[in-house]
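Number of protein chains: 2
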Amino acid sequence: MKPLKIGLAGLGTVGTGVLLLLKENGAALRQRCGRAIEVTAVSARSRGKDRGIDLSGMEWFDDPSELAASPAIDVFVELIGGEEGAAKAAVETALRAGKHVVTANKALLAMHGTDLARLAEARSLALNFEAAVAGGIPIVKTLRESLSGNQVTRIFGILNGTCNYILTRMRNEGQPFEAVLADAQRAGYAEADPTFDIEGHDTAHKLAILSSLAFGTEISFDTIYLEGISSITPADIEAAEELGYKIKLLGVALKTESGIEQRVHPTMLPSHSAIAQVDGVLNCVAVDGDFVGDIMLVGPGAGARPTASSVVSDIADIARGLILPVLGKPAAALAPHERAGMRTHEGGYYIRLSVYDRPGAFAAIATRMAQEGISLESIVQKHGSSLPPGSGRPSPPDEPTPVVIITHETTEAAIRQALDAIEADGHVDRKPQMIRIERL
Amino acid sequence: MKPLKIGLAGLGTVGTGVLLLLKENGAALRQRCGRAIEVTAVSARSRGKDRGIDLSGMEWFDDPSELAASPAIDVFVELIGGEEGAAKAAVETALRAGKHVVTANKALLAMHGTDLARLAEARSLALNFEAAVAGGIPIVKTLRESLSGNQVTRIFGILNGTCNYILTRMRNEGQPFEAVLADAQRAGYAEADPTFDIEGHDTAHKLAILSSLAFGTEISFDTIYLEGISSITPADIEAAEELGYKIKLLGVALKTESGIEQRVHPTMLPSHSAIAQVDGVLNCVAVDGDFVGDIMLVGPGAGARPTASSVVSDIADIARGLILPVLGKPAAALAPHERAGMRTHEGGYYIRLSVYDRPGAFAAIATRMAQEGISLESIVQKHGSSLPPGSGRPSPPDEPTPVVIITHETTEAAIRQALDAIEADGHVDRKPQMIRIERL
Numbered sequence: 214m215k216p217l218k219i220g221l222a223g224l225g226t227v228g229t230g231v232l233l234l235l236k237e238n239g240a241a242l243r244q245r246c247g248r249a250i251e252v253t254a255v256s257a258r259s260r261g262k263d264r265g266i267d268l269s270g271m272e273w274f275d276d277p278s279e280l281a282a283s284p285a286i287d288v289f290v291e292l293i294g295g296e297e298g299a300a301k302a303a304v305e306t307a308l309r310a311g312k313h314v315v316t317a318n319k320a321l322l323a324m325h326g327t328d329l330a331r332l333a334e335a336r337s338l339a340l341n342f343e344a345a346v347a348g349g350i351p352i353v354k355t356l357r358e359s360l361s362g363n364q365v366t367r368i369f370g371i372l373n374g375t376c377n378y379i380l381t382r383m384r385n386e387g388q389p390f391e392a393v394l395a396d397a398q399r400a401g402y403a404e405a406d407p408t409f410d411i412e413g414h415d416t417a418h419k420l421a422i423l424s425s426l427a428f429g430t431e432i433s434f435d436t437i438y439l440e441g442i443s444s445i446t447p448a449d450i451e452a453a454e455e456l457g458y459k460i461k462l463l464g465v466a467l468k469t470e471s472g473i474e475q476r477v478h479p480t481m482l483p484s485h486s487a488i489a490q491v492d493g494v495l496n497c498v499a500v501d502g503d504f505v506g507d508i509m510l511v512g513p514g515a516g517a518r519p520t521a522s523s524v525v526s527d528i529a530d531i532a533r534g535l536i537l538p539v540l541g542k543p544a545a546a547l548a549p550h551e552r553a554g555m556r557t558h559e560g561g562y563y564i565r566l567s568v569y570d571r572p573g574a575f576a577a578i579a580t581r582m583a584q585e586g587i588s589l590e591s592i593v594q595k596h597g598s599s600l601p602p603g604s605g606r607p608s609p610p611d612e613p614t615p616v617v618i619i620t621h622e623t624t625e626a627a628i629r630q631a632l633d634a635i636e637a638d639g640h641v642d643r644k645p646q647m648i649r650i651e652r653l
Numbered sequence: 214m215k216p217l218k219i220g221l222a223g224l225g226t227v228g229t230g231v232l233l234l235l236k237e238n239g240a241a242l243r244q245r246c247g248r249a250i251e252v253t254a255v256s257a258r259s260r261g262k263d264r265g266i267d268l269s270g271m272e273w274f275d276d277p278s279e280l281a282a283s284p285a286i287d288v289f290v291e292l293i294g295g296e297e298g299a300a301k302a303a304v305e306t307a308l309r310a311g312k313h314v315v316t317a318n319k320a321l322l323a324m325h326g327t328d329l330a331r332l333a334e335a336r337s338l339a340l341n342f343e344a345a346v347a348g349g350i351p352i353v354k355t356l357r358e359s360l361s362g363n364q365v366t367r368i369f370g371i372l373n374g375t376c377n378y379i380l381t382r383m384r385n386e387g388q389p390f391e392a393v394l395a396d397a398q399r400a401g402y403a404e405a406d407p408t409f410d411i412e413g414h415d416t417a418h419k420l421a422i423l424s425s426l427a428f429g430t431e432i433s434f435d436t437i438y439l440e441g442i443s444s445i446t447p448a449d450i451e452a453a454e455e456l457g458y459k460i461k462l463l464g465v466a467l468k469t470e471s472g473i474e475q476r477v478h479p480t481m482l483p484s485h486s487a488i489a490q491v492d493g494v495l496n497c498v499a500v501d502g503d504f505v506g507d508i509m510l511v512g513p514g515a516g517a518r519p520t521a522s523s524v525v526s527d528i529a530d531i532a533r534g535l536i537l538p539v540l541g542k543p544a545a546a547l548a549p550h551e552r553a554g555m556r557t558h559e560g561g562y563y564i565r566l567s568v569y570d571r572p573g574a575f576a577a578i579a580t581r582m583a584q585e586g587i588s589l590e591s592i593v594q595k596h597g598s599s600l601p602p603g604s605g606r607p608s609p610p611d612e613p614t615p616v617v618i619i620t621h622e623t624t625e626a627a628i629r630q631a632l633d634a635i636e637a638d639g640h641v642d643r644k645p646q647m648i649r650i651e652r653l
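Chains as they are written, first to last, in the numbering used here: chain A, 214 to 653; chain B, 214 to 653.
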């Protein structure tokens, strides 16, 4: 069989990783695919740069769209990045020119995935993107193929290595967020402008894609509820620990009666669960299916070599002639995304309050919870005696005391109502901290 | 496109699970595959039995081989079980008659997988077996497709739910093996004759298959080193806990300089690792690849519904026209399995000795270890004082005291030599317990 000819646009760490993989493991891969995979043309910003890899024999293109349109390639691999601009133009050009596309570009897919899927399927082309979600973890193929007999009810995961690294170090070292972030930036685990990671946007990009694959719906990025990790304090992490929880930033997509709930926020997970041990830059994705039950995949969520492994797996599928609907279901049959708002979210909550130690304060808080029908699983006063504030313990008046509450299952609407009332009552000296508990 | 016609042999829990899945999720699956999947013929031992599922409209065969040869089917699904007899005959018949085969039969594959792969590939047929290893966990497709750009260096996992359930309950309840086993038998988590599970044979069947897929070698079941869990005591579990370990039965296949090491035995794993949280009947498989790094898949290892999910995933691949080499690499290109014997195994060890409390006993033990070049990471005397026995602590003479040793990395040959010498010296009252520590 003829070699599969690849045009590779973007020669950053992942691009060179792909070239390295094909060089080192190309012979074995050829056996497994029944044909050779050859990168015959490349494109990148600077031609002269030494990337430590031999590019001789590969045609050079300054313009990725020109490469995408080249009649000499079968597959266009887009590793440029960015939701608009050169990447989008080149991918569209490739599909219009009848080339299969492999991409690692989560932003592009989160924003334009449904349209690109239509474009690819109209021409019976592959648009593969295993590397766009959770790096080396083969979650896209798992959803698109292995679980295709299942109705998925929930998909969730730790999808951003930077956030997980920061939370892991905060827990292990008791350091505040800002200090660990600064350190992570120095060590290269966080960007100079970390907003995109720490505020959850990157997780949301991946979640939007996973949600579509899991539920057979159009990709909907803008409807995701978003909360980052910058508000998490050592006090929260310590209290979580004592109550048997660890804090992780999760992306969660859930099928509910009122639609699909998509949310990214810090989450309390039982300390002894397997997912709570997914530390540092590792990622994981868990899927609940009606037949398979609960499965979880753990692995490196980024890095040149794991990402190259996924890019090459996508190319190998094309080499084997496997051309599937881009998002699992044919794009024309994808259901519109029906959003379930956060107010209907159901779950337990961790609440940390900074309460003025006045008579009646605690009773007032408990009353506000009761008024919203919220029942409490546990209450811990973090410092001083174990008595609730306002119950007679001698302490300086108007000295706020931290109180941590775990609620039984309730709704987001109820908890927000209760917390607003507690704040309005004037018994707390700042906005209450609220972290959702994820059922496992 | 025409429906894919399935002949299903074996209507036990998994077989009826497959029929149920196709009934409940068939319409969605049809969309995802681009064609319908229809079970048009079945075979089982007793025709009259009520299985709670409608078989009307399906042709009935008393003989599975007759079903396998029927010109009215495209795919033969073998859910009969057993490494010889009806299952083997029917699978061979199906392949000779040009039918694709899907099977959940790990024993058949462990014993005859390489030959069956040759038979299938000679006719360009699929022989899919996702359900044969780790139930609902999609590890076969992950190895065969997602990781095909990698050189795998190790694959290991918790592959038997019965053993994991017993070890989990022993740990949680402090009960001895025999009591938990009896209870597991009453609850249906262990067979009346549990040998096959608890002595590691079932794990070895799955390991033989995984090892072939991971390393591109012929399946070799007979060369697997085998140790079950019946020798594990509450004392071991307690000592492991105190030292920061949990005990799990693992199947491990490892590429070494002297060949492939395949072993099934109880293993010490760090308590805070994700794999150590895989409890009860759950399974998991971990893979170390040269590009992807370390990934792990966790999920239900058995059960009608998870297994049906995997069987249907195999059928769906055939419906989509994906026909791959059975064991990843073409059968003709599989390398012979070169066995690395256990004596060259390298790792740390947990040793529990029952030592006569005599002067010089401890020095003799330490000397034997030193003579084999084994260095000790920690030593714990389990009861009484923390002094080593023989070091002057007053206690009744000839009263054995448990001593637990953790070694640094050494070889199996060295540890066996040392333990033989310690036993021969007469300082211990029984055979030493030895449990390998698995590097993570």
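Source of the hints: derived by calculation from the structure; they are not laboratory data. Ideal Cβ placement from N, Cα and C applies to all residues, glycine included. Keep in mind that the hints are not guaranteed to be accurate.
[What the hints assert, rightly or not] Some chain B residues close to chain A (C-beta under 10 Å, calculated; not the full set): (1) S359; (2) N363; (3) I473; (4) A546; (5) P549; (6) A553.
[Claimed, not checked] Heads up, simulated BS3-like pairs for lysine-lysine below, C-alpha to C-alpha not over 27 Å straight-line: (7) K215(B) / K262(B); (8) K262(B) / K236(B); (9) K262(A) / K236(A); (10) K215(A) / K236(A); (11) K468(B) / K468(A); (12) K262(B) / K236(A).
Evaluated hints:
{"no.": "1", "hint": "S359", "result": "holds, 3 Å"}
{"no.": "2", "hint": "N363", "result": "holds, 6 Å"}
{"no.": "3", "hint": "I473", "result": "violated, 16 Å"}
{"no.": "4", "hint": "A546", "result": "holds, 6 Å"}
{"no.": "5", "hint": "P549", "result": "violated, 16 Å"}
{"no.": "6", "hint": "A553", "result": "violated, 20 Å"}
{"no.": "7", "hint": "K215(B) / K262(B)", "result": "violated, 32 Å"}
{"no.": "8", "hint": "K262(B) / K236(B)", "result": "holds, 20 Å"}
{"no.": "9", "hint": "K262(A) / K236(A)", "result": "holds, 20 Å"}
{"no.": "10", "hint": "K215(A) / K236(A)", "result": "holds, 18 Å"}
{"no.": "11", "hint": "K468(B) / K468(A)", "result": "violated, 43 Å"}
{"no.": "12", "hint": "K262(B) / K236(A)", "result": "violated, 58 Å"}
When the structure is compared with the earlier hints, violations turn up for hints 3, 5, 6, 7, 11 and 12 and for no others.
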